[in-house]
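Peer 1: Mind the numbering: the sequence shown is residues 1 to 251 in UniProt numbering, read in order.
Derived from the structure by calculation, the hints contain no laboratory data.
Keep in mind that the hints are not guaranteed to be accurate.
Unchecked claim - List of simulated lysine-lysine pairs, DSSO-like, C-alpha gap at most 30 angstroms:
| no. | residue 1 | residue 2 |
| --- | --- | --- |
| 1 | K214 | K52 |
| 2 | K52 | K159 |
| 3 | K214 | K158 |
| 4 | K214 | K159 |
| 5 | K159 | K101 |
| 6 | K79 | K56 |
| 7 | K214 | K169 |
| 8 | K159 | K225 |
| 9 | K158 | K52 |
| 10 | K169 | K79 |
| 11 | K101 | K56 |
| 12 | K79 | K225 |
| 13 | K225 | K214 |
| 14 | K169 | K158 |
| 15 | K52 | K101 |
As the list claims (entries may be wrong) - Computed beta-carbon distance windows for the label pairs:
| no. | residue 1 | residue 2 | range |
| --- | --- | --- | --- |
| 16 | E249 | K52 | 32 to 42 angstroms |
| 17 | E132 | R29 | 39 to 49 angstroms |
| 18 | E249 | T147 | 21 to 31 angstroms |
| 19 | H59 | T14 | 37 to 47 angstroms |
A quick note: this is a predicted structure, and the numbers were derived from the prediction, not measured.
Here a beta-carbon is modelled for each residue, glycine too, at the ideal position from N, C-alpha and C.
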Amino acid sequence: MKLLRSLIYPYLYTRYGIHRITGTGPFGRQRANTICPPDGSRWNPLKQAIWKYHVKQFHESSCSVATVVACINALRFLKNGTPRPIDQADILDRVTTGHWKARMSDGGYRGRRGLPLPLLGRVVRDSLAAYELDGHRVDIVRTPRTTSREPALRATLKKRLRRFDRHGKGLIIAHFDQGTLVPTLNIPHISPVGAYDEETGRVTLLDVDPEQEKPYEVCFDRFYKGLSSDYHHVFDAFGYGSGGYVYIEIQ
């Protein structure tokens, strides 16, 4: 696995350099715009809560931990008012699904770090159960690059974005190619959605990467492109197939 990683990174940095020189990808017209946290006093309670409990990841492969803990804290806040927030160490000790804690270490679990989309969905389900957040349906949605179902997938995603932003009826955890949205390497990444403006079609990501100091927004097409990355085939050895999202439906 170490040899494979040593082969991946030169390719990733080369691709990043090409995008930067040619003004393509995240350096192109549809680049992300960073935003300052807006006044959310008129937002629905769930949207307020996910912004309130947004945190940054503690390790380069721990984006899943920061994302899931933010979602769990937001849902606990809605259920119980003002409980003590759980932290990233708490949830790793409590939820052992898929050797989650080991996957956050430098060596990973048998050389594998981070969470592929299917395993992320399992971790979300088990985290909800561990913190007695019953009654929420979890949907794991793959969005492969080439599929005849793309129009339906896009329509469903827009509907769910509206339900989150307008009514607080769902949370969306994006599993995406980070380098498609912002100027960084094209690697699998996980972060929660923070807002959706139906009028402009722009999606706000609460990126848990400490290098992304502020939230940023992208157009829906760019957002979907990040989700529909099949990642590079070199990531197959680590269990990463395609991107997508995990939807937590609030009952």
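Peer 1: Decide if the proposed pair is consistent with the structure: K159 and K225, CA atoms, cutoff 30 angstroms inclusive.
Peer 2: Cα-Cα ~17 angstroms, so holds.
Peer 1: For the range 21 to 31 angstroms, tell me whether the beta carbons of E249 and T147 fit it or not.
Peer 2: holds (22 angstroms)
Peer 1: So if I understand the rule, the pair passes when the alpha-carbon distance is 30 angstroms or less; does K214 with K159 pass?
Peer 2: holds (26 angstroms)
Peer 1: Is K79 within 30 angstroms of K225, Cα to Cα?
Peer 2: The hint is violated at about 34 angstroms.
Peer 1: 37 to 47 angstroms was suggested as the range; check whether the CB atoms of H59 and T14 agree with it.
Peer 2: Roughly 25 angstroms apart at Cβ, these two residues miss the hinted range, so it is violated.
Peer 1: K169 and K158: Cα distance at most 30 angstroms?
Peer 2: holds (13 angstroms)
Peer 1: Is the Cα-Cα distance between K159 and K101 30 angstroms or less?
Peer 2: violated (34 angstroms)
Peer 1: Given the hint that K214 pairs with K158, test it: the Cα-Cα distance must not exceed 30 angstroms.
Peer 2: Holds, at roughly 23 angstroms.
Peer 1: Hey, K79 versus K56, does the alpha-carbon distance stay inside 30 angstroms?
Peer 2: Holds - the C-alpha atoms of K56 and K79 are around 23 angstroms apart, at most 30 angstroms.
Peer 1: Need the status of pair K225, K214: alpha-carbon distance at most 30 angstroms?
Peer 2: Between K225 and K214 the Cα gap is close to 21 angstroms, so the pair holds against 30 angstroms.
Peer 1: Is the Cα-Cα distance between K101 and K56 30 angstroms or less?
Peer 2: holds (17 angstroms)
Peer 1: Are the Cα atoms of K214 and K169 separated by 30 angstroms or less?
Peer 2: holds (25 angstroms)
Going through the hint list in order, the structure does not satisfy hints 5, 12, 16 and 19.
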